[in-house]
Amino acid sequence: MKLAYVETDGRRFVAVRKGANFVDLSRSPLRWNKGLTDLLALGPDGLAAARSAVASADGSSLVDPAAVTYLRLNEPHCVTCVGSNYAAHIRERAKPFPKEPSCFLKGLPAFVAHRQPLERPGNSEQFDYEAELVIVVGRAGRHVPIERALDFVAGYTLMNDGSVRDFQERYSNITLGKNFPASSALGPEMVTADDVPPGAHGLRISTRINGSTAQDSNTADLVFDVPMLVSLVSHTVGLRPGDLIATGTPSGVAAGMTPPKWLKAGDEIEMSIEGVCTLSNIVVDALVAPAGHGYDRAAYAPKVLR
21 MKLAYVETDG RRFVAVRKGA NFVDLSRSPL RWNKGLTDLL ALGPDGLAAA RSAVASADGS
81 SLVDPAAVTY LRLNEPHCVT CVGSNYAAHI RERAKPFPKE PSCFLKGLPA FVAHRQPLER
141 PGNSEQFDYE AELVIVVGRA GRHVPIERAL DFVAGYTLMN DGSVRDFQER YSNITLGKNF
201 PASSALGPEM VTADDVPPGA HGLRISTRIN GSTAQDSNTA DLVFDVPMLV SLVSHTVGLR
261 PGDLIATGTP SGVAAGMTPP KWLKAGDEIE MSIEGVCTLS NIVVDALVAP AGHGYDRAAY
321 APKVLR
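The opening residue of the sequence shown carries number 21 in the working numbering; numbering runs sequentially from there.
There's no promise every hint is true.
To be verified - Below, computed lysine-lysine pairings styled on DSS-like, alpha-carbon distance capped at 27 angstroms:
hint, residue 1, residue 2
1, LYS54, LYS22
2, LYS22, LYS38
3, LYS115, LYS281
4, LYS54, LYS38
Claimed, not checked - Derived CB-CB ranges, DEER-like:
hint, residue 1, residue 2, range
5, GLY222, ALA285, 32 to 42 angstroms
6, ALA114, ARG71, 42 to 52 angstroms
7, GLY222, THR298, 16 to 26 angstroms
8, ALA61, THR256, 19 to 29 angstroms
9, PRO137, SER232, 14 to 24 angstroms
10, ASN53, ARG162, 28 to 38 angstroms
11, ALA285, ASP78, 40 to 50 angstroms
12, ASP29, SER232, 31 to 41 angstroms
It is worth saying that the hints were derived from the structure and are not from the lab.
Remember, predicted model here, so these are calculated numbers, not experimental data.
The beta carbon of each residue, even a glycine, is placed where N, CA and C say it ideally should be.
With the hints as constraints, model all of the structure from the sequences given.
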């Protein structure tokens, strides 16, 4: 089952794929008028109710996907991201293989939805893309053992983890370079875990920039797999329904090229994960800070760094 959060005619609702159409859950027998995070909070029973409602839905609840505007998939409490987690990507960046996952958090203002513009920061020339498989948490949990971790996964979606490399590399922590407003994208759909292989293993993941292939890999290249990451997060920030865990990006990013092919205004990005969804966005230039209001590293850096 594939679910999205969309808008049409001023109404926002959870939509579920049924053949070539969407079923509007707010007009289905379920009469669901809340968002996807609230549906996931019901646990497996919520998804089962949605599946039953779709099976019995009549024509009055069908919506043409071409007539909707995709919204950000959900409103998670926490977005945990994992870096350096594909073997080939680690090699292309000439970094040592990690002994433990390296994690950081992303805030919701960093994300736009499918077909919405991605903003290239005006104070950077090193805007990069990263296609990532994203775990959608389905149950609350703490201290979950690896062998039970998949029981806490509702499904999977796709993220473009927009990366502002000069800010990312400048500081000891990469968080600033990963959280520019509207620099990342999420969605457009979540596929339930029962519709893909266990742990989303062996799925093709790819990126095309202006029609040319940039990334083409497989989730089998993950260094730390889905069960391990879910268990890790459960032992640290905890698991809550709707929370997201981004699993890292494969090789083929701009920063790994010689010379790097940084994103520029007008670039069209299309990312896909086999059996999950396809995410498309166009890059635009963000507003440039007025003269005298830009970031001046010399002015803000500690004296010892000048």
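request  = Given the hint that LYS22 pairs with LYS38, test it: the Cα-Cα distance must not exceed 27 angstroms.
outcome  = Satisfied, since the Cα-Cα distance of roughly 9 angstroms is no more than 27 angstroms.
ask   = Is 19 to 29 angstroms a correct range for the gap between the Cβ atoms of ALA61 and THR256?
value = The hinted range 19 to 29 angstroms holds for ALA61 and THR256, with Cβ atoms some 21 angstroms apart.
query = Quick one: are ASP29 and SER232 within 31 to 41 angstroms, going by C-beta?
reply = holds, 37 angstroms
inquiry  = Does the beta carbon distance between GLY222 and ALA285 stay inside 32 to 42 angstroms, or does it fall outside?
reply    = At 36 angstroms between Cβs, range holds.
message = A range of 42 to 52 angstroms was offered for this pair. Does it hold for the Cβ distance of ALA114 and ARG71?
response = Holds: the Cβ-Cβ distance is about 46 angstroms, inside 42 to 52 angstroms.
inquiry  = Against the range 16 to 26 angstroms, how does the distance between the Cβ atoms of GLY222 and THR298 compare: consistent or not?
reply    = Roughly 18 angstroms apart at Cβ, these two residues keep to the hinted range, so it holds.
task = Would you mind confirming whether the straight-line C-alpha gap from LYS54 to LYS38 stays at or under 27 angstroms?
result = holds, 20 angstroms
task = Please test the hint of 40 to 50 angstroms on the beta carbon pair from ALA285 and ASP78.
result = Distance hint for ALA285, ASP78 holds at roughly 45 angstroms.
query = Measuring from beta carbon to beta carbon, are PRO137 and SER232 in 14 to 24 angstroms?
reply = 20 angstroms Cβ-Cβ, so the 14 to 24 angstroms window holds.
task = Given the hint that LYS115 pairs with LYS281, test it: the Cα-Cα distance must not exceed 27 angstroms.
result = holds, 20 angstroms
task = Could you tell me whether the CB distance from ASN53 to ARG162 stays inside 28 to 38 angstroms?
result = For ASN53 and ARG162 the Cβ distance comes to about 31 angstroms; the hint holds.
ask   = Given the proposed pairing of LYS54 with LYS22, does the C-alpha separation stay at or below 27 angstroms?
value = Within the cut-off at roughly 17 angstroms; holds.
In terms of the numbered hints stated before, the structure departs from none.
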